[in-house]
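**Q** Sequence:
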Amino acid sequence: MNRRLLKRSFIWPLLLMLLAAATMIGLAVSRLPAPTSALQIRPARAGVALPDGFYVYQRLSQRGIHIKSITPLNDALVVQLDTASQRKLAETVLQDILPAGFVIQYYEPQHATAWGAKLDRERLKFG
1350 MNRRLLKRSF IWPLLLMLLA AATMIGLAVS RLPAPTSALQ IRPARAGVAL
1400 PDGFYVYQRL SQRGIHIKSI TPLNDALVVQ LDTASQRKLA ETVLQDILPA
1450 GFVIQYYEPQ HATAWGAKLD RERLKFG
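Taking this note's numbering, the leading residue of the sequence shown gets 1350, the next gets one more, and so forth.
For lysine to any residue, the following SDA-like pairs were computed, each having C-alpha atoms within a straight-line distance of at most 20 Å:
#, residue 1, residue 2
1, Lys-1417, Asp-1431
2, Lys-1417, Gln-1389
3, Lys-1417, Gln-1454
4, Lys-1417, Thr-1385
5, Lys-1437, Gln-1454
6, Lys-1437, Ser-1386
7, Lys-1437, Gly-1402
8, Lys-1437, Ala-1449
9, Lys-1417, Thr-1441
10, Lys-1437, Arg-1391
11, Lys-1417, Ile-1453
12, Lys-1437, Ala-1425
13, Lys-1437, Val-1452
14, Lys-1437, Ile-1453
15, Lys-1437, Ile-1416
16, Lys-1437, Thr-1420
17, Lys-1417, Ala-1433
18, Lys-1437, Phe-1451
19, Lys-1417, Tyr-1404
20, Lys-1417, Arg-1391
Hints listed in this document are in silico derivations from the structure and should not be mistaken for laboratory results.
Keep in mind the model is a prediction, meaning the values are calculated, not measured.
The task is simple: from the sequences and hints, build the whole structure.
**A** In structure tokens:
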């Protein structure tokens, strides 16, 4: 009987630790940034004006591409789209409709990479 009591006394703390670990892992995974489907349009050289956001919206909408938003950001336009497949389609459409002199590339928001940089900074404090 003494052995049974001893075994039971180890089970509950172990279960609580496993539950706490599972909760922490679940919270950490839920806080990971979601992959974005955004494109950035910027001039290839200085002095080239950005295309009008409404023009870009109209042309992409005519081709059946659903746009979440078009935002100017640091001398560029950021086009937020629904899915990665629409991002690829929008990239080819934009290359067709925009004149030469624009760079169209995948855009990842700053907050998505900021947590990695923050972890690196925190790691430096531990040693």
